[in-house]
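Visitor: Sequence:
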Amino acid sequence: MGTEKERRDTQKALLYDLRLIFSTGEKEDYTRQEILDLLDKIALAKDQE
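Taking this note's numbering as reference, the numbering of the sequence shown is continuous, increasing by one, and the terminal residue is 49.
It should be emphasised that the hints constitute simulated quantities derived from the structure, not laboratory data.
Heads up, some of the hints might be wrong.
To be verified - Cut-off 30 Å, straight-line C-alpha distance, at most; resulting in silico cross-link-like pairs (DSSO-like, lysine-lysine):
(1) Lys27 <-> Lys12
(2) Lys41 <-> Lys5
(3) Lys5 <-> Lys46
(4) Lys5 <-> Lys27
(5) Lys41 <-> Lys27
(6) Lys12 <-> Lys46
(7) Lys41 <-> Lys12
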């Protein structure tokens, strides 16, 4: 099990990944369903690592 600092670093990294996805995306606005779909893709990709 990781330390508290490792947990916070992981959370920050995930948030930054999300920021990059939205900031480099072609769309300016996203629907709730589009955001959920992106989150699902991220979760599935992380399971593959």
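Visitor: Against each hint, give a clear statement of whether it holds in the structure.
Guide: Going through the hints against the structure:
no. : hint            : verdict
1   : Lys27 <-> Lys12 : 23 Å, holds
2   : Lys41 <-> Lys5  : 26 Å, holds
3   : Lys5 <-> Lys46  : 20 Å, holds
4   : Lys5 <-> Lys27  : 34 Å, violated
5   : Lys41 <-> Lys27 : 17 Å, holds
6   : Lys12 <-> Lys46 : 15 Å, holds
7   : Lys41 <-> Lys12 : 18 Å, holds
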